[in-house]
Structures are given as C-alpha cells and as structure tokens.
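Read top to bottom, the protein sequences are chains A and B. 2 is the number of the first residue of the first sequence in our numbering; add one for each residue after it. 2 is the number of the first residue of the second sequence in our numbering; add one for each residue after it.
It should be emphasised that the hints constitute simulated quantities derived from the structure, not laboratory data. Be aware that a few hints might be false.
Stated by the list, open to error - Straight line, CA to CA, 20 Å or less: simulated EDC-like cross-link-like pairs of lysine to aspartate or glutamate: (1) A:188 to B:178; (2) B:188 to A:16; (3) B:188 to B:178; (4) A:188 to A:178; (5) B:68 to A:70.
To be verified - Now the stretches of chain A that chain B is said to cover, found in silico as 3 or more residues with beta-carbon under 8 Å: (6) 14-20; (7) 41-52; (8) 175-185.
Quick reminder that beta carbons are idealized off the backbone N, C-alpha and C, glycines included.
2 protein chains.
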Amino acid sequence: VAHASVDDLALPDDERGHLEFLVAAHGLTAIERVNRVLDGSRGETSAEHSWHLALTALALAPSVAAKLDLLDVLAMLLVHDVVEVDAGDVPIYDADARAAAEATEQVAAQRLFGLLPAPDTARLADLWGAFEAAQTPEARFARAVDRLQPILVHWAGDGAAWRERGVTVAQERALAEVVGGFWPALKPLADALIDDAQRRGMLAD
Amino acid sequence: VAHASVDDLALPDDERGHLEFLVAAHGLTAIERVNRVLDGSRGETSAEHSWHLALTALALAPSVAAKLDLLDVLAMLLVHDVVEVDAGDVPIYDADARAAAEATEQVAAQRLFGLLPAPDTARLADLWGAFEAAQTPEARFARAVDRLQPILVHWAGDGAAWRERGVTVAQERALAEVVGGFWPALKPLADALIDDAQRRGMLAD
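Kindly generate the complete structure, drawing on both the sequences and the hints.
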C-alpha cells in the first residue's frame, strides 16, 4: 500500500505545498543531537532543541534584548535547523565537518523551503539565511541563544554527554566567547554555567 | 553527589530564575503524546509538538491569518504545553480526564511560571491563560493549529496510532469541527486530511 501523499489531498496546490513542507519538517524529530534530555536517556532531538531555543529567547528577551524584533528572532529559531532533515546534525565540536556541511545545507534549504508556495519559500529561506549570516541584531541574538542553550542542557544533565566525549573546559570557554561575541549580555550566563561545571568536574582539564 | 542546581550559579536571582524555568520546561521532552513521529517508532514529545505548532503557524499565517499579531500566536504556542511538565499530557479523546486536568494544570502553571522573575511570570502565565481562554483571534488561531496539527501528523504516519486506538471517522470529524470553530480557514485542511484518511481506511467507521 502506498504511503499517505499530499498528492491525494483535495486541496489547492498552495495548501498541499504547506502541508508537504510541514510533514517533511517533522523529520527533525528523527535528528538526535549530542546533548541529552534531562534524565540522560537519549539525545535531544533537533525539533526539541528548536522549541527550547525559541522558549529561551521568549523568556530572556525583555531582560537582555528588549529592543529587538522578537518575532524575527523566534521565526529564525523555528526554522534554523529545518535543513537538518536532509543534512543531519553536525556536532559543534567537529570544525571540519561543520565547514563541509555548508554546501549540503544549501541544497537542503532549496529542497525543503522549496516545498512551500513561492512567497513562503522566499520568506522562510530568508529567515534561515539571515540566521546563518548573523548580520542583524536579531540574528546575532538568535545565534547566541543557539550556543548558550546546549551549555545549559549539558549542565542540567550533570554533564553526562560532556564526560562521555571528554569535552574540556577550554572547549566550553571558547563557546562562551562565541556567545559573548554574538550577544554580550548572555556571556555571564554561559560563564556561570561553565564555572559550576568545572567545579563539579563535568568537564575535562 | 548532589545534582547541578541553579543555587550554585554565581548569578543574580533573576537570571537564576530564568535558567531554573528553562531547565524545568525542558521536561516537556519527557512527555509523550498519542500521535507518533513519522516512522511510528515512538510518540511525539510535547516539546516537539510545541515546535511543530509554532512552525505551522509561521508557515500558514500569511495565507489564512494575515491580520493577526503573529508574535502573540507564536509566544502562546511556545508556552501552551509547559504545564504538562507537572500535569502530563491528557489525550484529547478522553473528555473526563481533560476536565479533571484543569485544576492540576492551574497548579502547574503557578509553580512553573512562578520560577521566573515576577514580570516574566505574569507575561508567560498570561500567554498560557489567553491560549486556554480562547477569546482573542490570536488565541483562537493558535487553538485551531493545536487541533489541526495532530490530524496532519497522524495522517502522515499512515494512521498507525489511530488504528491502534480504534479512532473513528466521527471522532476526527468532530475535531475538524473544533478546528473550524476556532478558525474557519483551516477547516478545509482538516477535512481534506480526514477524507483521505477515511478513503485509506486509517480510521474506523
């Protein structure tokens, strides 16, 4: 029996395009990241990560980024990982693989956002491109949140995934610098988490 | 060894409150829903559901809800399930349990949003309350998306969870009415999905 297909839905092309994109994007539930869920039982999925980033931005924005267009921030965070449906997640600790992934992610963006009707293709692809380019204040805040949240989740899980991979204090201090480079007001949070992680021996020397 | 605690972080109270809330909210990754991920291997988590709802609203809003405050819609969808960290997910098919859950969810909202600094407690609790009350156009669109998305995900998974529970065409038609009651422009999408599900035998008579 053939699988359910949007081609069989009695809807205009544009609405079928919306639904095809939304079904494809749901594939982010199959992409597991390095950091774990709180009880350590499995990796956080990129779908869960995307939600938690948006919630983090929503919670923190009035305190540390009050002048930003928060809608733009949330929209970028909601779409920023969709390319992983085709390209997979590349751990931040692997710099060579991250560079190689860029071309793959461009192709993935064209295919996935291309499932949408044309105006929405452009709108969502532009959000993804703005996040990647990190030029606007909104994109820089979003990028900082994307670097801060894994530190928080690793720490909250008592550093289980850090220990397993032998992640070092220096590696996390470098990530805190990235957070601060994108959004200085978030660096104290990254620093405090890494200080405590170091004190508790979650990170290697 | 004691677990990582925000009490040990060298940060002002407000910032510790933000982080404590964000860690607690991450517990939505442990709440599994009735509808499955696309390959049927497990239930979608409430964290994944929340992300996919927000993405759905972002993708569809210009076509079907262009006049709404989209930031308000996304913010409501990002927080609407946070109470499930304490109260769990109550399947929509169980009307008695849904009614009983309301008091539990009020207590959960007080505890969880109460972890935040006071202005953010009020802001996020108000978003949750507005979603539950379903009085504003933004809340009604958000509620419609929350009812449409499971139909889409069940359908995309070839109705595996529907079949297992013996969910009927009449039950899903009733949900399509709820979608249409909240946001008429989304009802044709629900109808088309249920029509195809019925044709393919995903739903019981």
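So, going through the hints one by one against the coordinates:
1. A:188 to B:178: violated, 48 Å
2. B:188 to A:16: Holds, at roughly 12 Å.
3. B:188 to B:178: Measuring from Cα to Cα gives roughly 7 Å; hence the hint holds.
4. A:188 to A:178: Holds: residue 188 (chain A) and residue 178 (chain A) sit about 7 Å apart, inside 20 Å.
5. B:68 to A:70: Holds. Residue 68 (chain B) to residue 70 (chain A) sits at ~18 Å (cutoff 20 Å).
6. 14-20: holds (count 4)
7. 41-52: holds (count 6)
8. 175-185: With 0 residues close enough to chain B, the hint is violated.
The structure does not agree with the numbered hints 1 and 8 stated previously, though it agrees with the rest.
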